[in-house]
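Student: Here is how the chains run, residue by residue.
Protein chains: 2
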Amino acid sequence: MNYSFSDKVTGLQPSAIREILKFTADPTVISFAAGNPAPEAFPVKAVSEITARLLESNPVSALQYSITEGYTPLRETLKKEMQDAGCFDPDMDDLIITSGAQQANELACKVFLNEGDTLICEAPTFIGSLNAFKSYNVALKGVPMDSDGMNIEMLEETIKTSKNPKLIYIIPNFQNPTGLCTSLEKRKAIYELAKKYGLMILEDNPYGDIRFAGEDIPSIKTMDKDGLVIYSRSFSKTLAPGIRVGYVTAPKEVIQKMVVCKQVADVHTNAMAQIICDEFLKNYDMNAHLESIRTIYRNKCNLMLGELDKNFSKKVTFTRPEGGLFIWGTLPEGYDMMGFCTKAVENKVAVVPGTAFLINESDKTSSFRLNFSTPTDEQLVKGCEIIGKLSKELFD
Amino acid sequence: MNYSFSDKVTGLQPSAIREILKFTADPTVISFAAGNPAPEAFPVKAVSEITARLLESNPVSALQYSITEGYTPLRETLKKEMQDAGCFDPDMDDLIITSGAQQANELACKVFLNEGDTLICEAPTFIGSLNAFKSYNVALKGVPMDSDGMNIEMLEETIKTSKNPKLIYIIPNFQNPTGLCTSLEKRKAIYELAKKYGLMILEDNPYGDIRFAGEDIPSIKTMDKDGLVIYSRSFSKTLAPGIRVGYVTAPKEVIQKMVVCKQVADVHTNAMAQIICDEFLKNYDMNAHLESIRTIYRNKCNLMLGELDKNFSKKVTFTRPEGGLFIWGTLPEGYDMMGFCTKAVENKVAVVPGTAFLINESDKTSSFRLNFSTPTDEQLVKGCEIIGKLSKELFD
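Taken in order, these protein sequences are the chains called A and B.
Take 584 as the starting number for the first sequence in our numbering and just add one per residue.
Take 584 as the starting number for the second sequence in our numbering and just add one per residue.
If a hint is listed, it holds; no wrong ones were tucked in.
The list makes no distinction among identical chains, and a pair is therefore deemed to hold if it is satisfied within one copy or across any two copies.
Computed list of lysine-lysine pairs in BS3-like fashion (alpha-carbon distance at most 30 Å, straight line):
no., residue 1, residue 2
1, 663, 865
2, 605, 663
3, 605, 865
4, 947, 972
Think of the hints as simulated: they come from the structure by calculation, not from any bench.
The whole structure should be built from the sequences, with the hints applied where relevant.
Tutor: This is the structure in structure tokens:
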């Protein structure tokens, strides 16, 4: 059978990371290729207690159909929290629960862009979002990153030269894959450009709560007096990703369209998972929990950076993230990044080639992504030793 | 702010049922308007036992990121079950877990149809699917239902006169909203027409397991030698809808595209919910559980039909479903259906006007939908008495 698929999906391919992850099924391979939170950070005991109580006291609330917008007590809790953070204006905004921030980002694209309209993003950026946008057959334009975020001149030039530019997608904190933060100055500049040219901003902040060094930078949503910002967040890195709970705040008219699209996508997010999040926020100490996660990640990140410094060719540079899960390594211009990644996996260490995070995987980059949250400390040391040695053989 | 939404969503409205359901928030209103399974049918004890064991023995499997295709043991269990039922050919097909059958149906549309292509469905049909299809801006054509399924001549005529017809959507068992089954003869005829004109069939079977009278009819998927059928099912009516677990079997190339689209939609379905389904199928008696659900629904359906017969004007006719959750009432031609539904809710009984299930809500129908699974027995008796009396006042 020769299937005639829609134009939207004809060119879609499974994420390139999946091919790399295949190697990581081999238990002798040390994987720096994942994006998983550290399993020791999951609040297992709390989840056990909450589900046991819930299924004893009010099982129907966890098992029956629920409303698309999400579990009302959780929405109220999060609205309050977002308002206190300056990210929710009750007169302008609404907030709904989504099946991970992934769903929020996909819905934002569906709601605003026709096929062929332009969505502008950081280059490189998160592959899951890139693929979501591609699945609506929109035109993607990447703006290169400086160490403090998108290059603002190139952003404006891109807006001016694109066909129907509609949305700027940005991960301002500890960006995936680079680990970089966008500076306050650039956040303001991006907001002003969006306002000037009539674009929306999709601010994706899955890592904001796991800053383990430096000072918080206000999110773009706090600057939004004009109803331009869609702000998506997630419990995936703070509680657990397997429960698939995220949330999004945006102007009411935007949320209204997102609700209709969510309704047709999955009716509502798993009810038990939403109640688990709400009960955790109400009856457990989220701040203490976040502090324990930050400590785990700070230690793992510092361990990896130390081992990279110790073992690698000095020709390879690394970002020094203040939060999140990722470090971004860059080879000197002209060196063979893909060859390095291939040799690494032959030596039983998996990293993700930077091309995976580009709009066109055939574009050139000399960078690669390392994850420090999933490997054990022993694996971090051993893996850095192996690929460090490899880098010296190849580049020194 | 004057938002410029995509063409896909500009015309999308929240489901009309939601407006009706607003009245049902009033606890004095008896709701025959829902589509919820009976809460007494939920296997609460089993779910409690499974989650307690799971969070004790293997919490990371429930809380960590998982693969998009779904929890492998559950997929294997379901492939075996579907193969035994003649609905899965391991050489041709694959099977993935979805966030409810709603997601499977939405993905099928996304994968096959461009904006403007034609999707053909029963008229009336399930509003959730209609809205999913509308959210991709496809052309919808409805084929009127006879008592044994779509009118085949009109189906062929519709295929022949439509622009790029791609997909036939059908709910063959205890259809929502009519409660009707498509006969074996018509299932064969629909398959032959799909084959003749090169269309795919999306066979949505959420209610097939809750047949409480009559004999099973083979699904269209059992006839599929040509790779034309996408077959979606759900645990929403057999275990619980709040957990949002469905599944879909289709030819491998089709599933491959659906996986990429599911990956960008929500990464994967809630992991704990998938494990709950798998453990239930493996360690509990699903057949006995289904038999107990069928008994509940048989009793509720018979109770409602008896009360309708007793109380209603003889001018109003009702379908006599052999399964599912719904009865379809029809007023004599020319009578004011919407006026009847409005007066019903003024009398504190909510039913769903049949227009909610049409492609254009402004089209005419003299029918309305009644749900018998959610109300208590007392509510069924009381509600039928109230609207029966109303029908006599209005139509006799």
